[in-house]
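Residue numbers (numbering that gives the first Met the number 0), protein chains in the order written: chain B, 0 to 266; chain F, 0 to 190.
Errors might be hidden in some of the hints.
[Claimed, not checked] Listed below are several chain B residues computed to face chain F (Cβ distance under 10 Å; list not exhaustive): (1) Ala11; (2) Leu12; (3) Ser15; (4) Val22; (5) Thr40; (6) Met54; (7) Lys58; (8) Pro76; (9) Tyr85; (10) Cys164; (11) Leu167; (12) Thr168.
It should be emphasised that the hints constitute simulated quantities derived from the structure, not laboratory data.
Keep in mind it's a predicted model, so treat the numbers as computed, not measured.
All residues carry an ideal CB built from backbone N, CA and C; glycine is no exception.
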Amino acid sequence: MNLFNDSRAQAALVDSLFFIAIVSAICTGLFYFAINYGLSTESSLNSFYSSDFAMDSLKVITYVNVMRDGSAVSINPSTPVSASEYDYLLASIKEDFAQKKEIGMESRKAIANTLYSVLKPFDDSIDYVFYVIKEGATVQEAKYIALIIAVHVPSDSGTEGQYYCDPLTKKCSYINRVFYSCNPTEKSVLEKCIFPNVGKVDSAIGKITLSDSPYTIGLHTWVSKRIDALKNLDPNNSDPNSPNPDSSNCASSIFSCTKIEGVPPNQ
Amino acid sequence: MSRKFISHKGFIGPIGDDLPSLIPIVVALVLFFTIFSMTLNTYNTKNTSVRKQMEMTSVAREIKGDSLILGIDQFDSKCKSVKVKRFPYNFMAGIYSSESDLKSVINDFISMAEDESIADNGSTDLLAADLEGSKKGFFCNYIKVGSRAFTGMEKSYFLRYYPVAVQYPLTINGSTQYVIIPAVMAMVVWE
Numbered sequence: 000m001n002l003f004n005d006s007r008a009q010a011a012l013v014d015s016l017f018f019i020a021i022v023s024a025i026c027t028g029l030f031y032f033a034i035n036y037g038l039s040t041e042s043s044l045n046s047f048y049s050s051d052f053a054m055d056s057l058k059v060i061t062y063v064n065v066m067r068d069g070s071a072v073s074i075n076p077s078t079p080v081s082a083s084e085y086d087y088l089l090a091s092i093k094e095d096f097a098q099k100k101e102i103g104m105e106s107r108k109a110i111a112n113t114l115y116s117v118l119k120p121f122d123d124s125i126d127y128v129f130y131v132i133k134e135g136a137t138v139q140e141a142k143y144i145a146l147i148i149a150v151h152v153p154s155d156s157g158t159e160g161q162y163y164c165d166p167l168t169k170k171c172s173y174i175n176r177v178f179y180s181c182n183p184t185e186k187s188v189l190e191k192c193i194f195p196n197v198g199k200v201d202s203a204i205g206k207i208t209l210s211d212s213p214y215t216i217g218l219h220t221w222v223s224k225r226i227d228a229l230k231n232l233d234p235n236n237s238d239p240n241s242p243n244p245d246s247s248n249c250a251s252s253i254f255s256c257t258k259i260e261g262v263p264p265n266q
Numbered sequence: 000m001s002r003k004f005i006s007h008k009g010f011i012g013p014i015g016d017d018l019p020s021l022i023p024i025v026v027a028l029v030l031f032f033t034i035f036s037m038t039l040n041t042y043n044t045k046n047t048s049v050r051k052q053m054e055m056t057s058v059a060r061e062i063k064g065d066s067l068i069l070g071i072d073q074f075d076s077k078c079k080s081v082k083v084k085r086f087p088y089n090f091m092a093g094i095y096s097s098e099s100d101l102k103s104v105i106n107d108f109i110s111m112a113e114d115e116s117i118a119d120n121g122s123t124d125l126l127a128a129d130l131e132g133s134k135k136g137f138f139c140n141y142i143k144v145g146s147r148a149f150t151g152m153e154k155s156y157f158l159r160y161y162p163v164a165v166q167y168p169l170t171i172n173g174s175t176q177y178v179i180i181p182a183v184m185a186m187v188v189w190e
């Protein structure tokens, strides 16, 4: 009996220790909730914004006027526009397709110029690909009517503020935006060689009609990343550090690209 | 009598006797209320942020419509339609041509918050329509009653860009013709 009386305060201490243990568990739960709350909503909102941006960019391509030589219509009074020289970009694409069953270099340049204009706010950080392909085509009959890839490429010259030093190799160079017009032989080249390697891809897909047949237009954007398949797209300017074209199924040579000159206009 | 004597052995007082057990209880309560208030604060902040972004998306969609702006009149009329009294946040939206330098957007917005007329006089990179000799910038501004103008120093504000095509009058060979040019609508929302 004396033993119980003497231990009364210790029992209260153990109770309070249990209490602090329970409170600590609740606090851990609350802290975990506070850290994670809203992350998925934020992520969904950002993803929605990116996809919406890509879809709006596709719409703009179908609305705009461009010069017949593929350059953008200038509103600068110092470079006046001559009436006979401009047309709708979509009309230009349709005209090319009706005549040659492909999209000509002037129209490709106009598409690249328009993409550069509308994606300018994120030009420093994203790469993208635009394509036109026959809707519902099987792999055998599939052919890109147009495939334009926009990537950042290291260069010995460039504009101020576009200078980058690789933290691993300590090699510094200018980074320029370069547009390529490509004619890959395989339909799944994007799904096989680019999308799995660049991380999250935001996509917008639309439909246009060319010569009474439905075609799919697509714009896919991702945060700029140097991947082997996109390192050496220009056949006239091969990078000695890029992988051997024969050593990989995703070598740059399978894209069969040529550089689109004059886009962006200031380079 | 003997039992009563034993139970009072070492007795300090009702509080003093339980002092060692009170310390963990107080620590636990302080810990709980600190974490609880922090969680509540985070919850409210994130909710506000999400709501602000959703309202921004909604207003931007209303202004840009189907990403085609047919002129300054249409832009102004859409701007007026979103400036309703119950809208919970302040916002500014302006359209920049593809030839503009978008690095100056925030500075332009700060300047236009102080003096809205500079949107029309060409001292910013904002796209401006020619209205029979005078210029009118593609600029939409809404500030709630009692709110402060945008300074760029707000605790949290959102800046977003939206691609648009704008029908723009150009003088070609002496006559006015309307061309559709690619442009970017910049929008900032703050409290």
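Hint by hint, here is what the structure shows:
no.	hint	verdict
1	Ala11	4 Å, holds
2	Leu12	4 Å, holds
3	Ser15	4 Å, holds
4	Val22	4 Å, holds
5	Thr40	5 Å, holds
6	Met54	9 Å, holds
7	Lys58	4 Å, holds
8	Pro76	8 Å, holds
9	Tyr85	6 Å, holds
10	Cys164	21 Å, violated
11	Leu167	29 Å, violated
12	Thr168	29 Å, violated
In terms of the numbered hints stated before, the structure departs from hints 10, 11 and 12, listed from lowest to highest.
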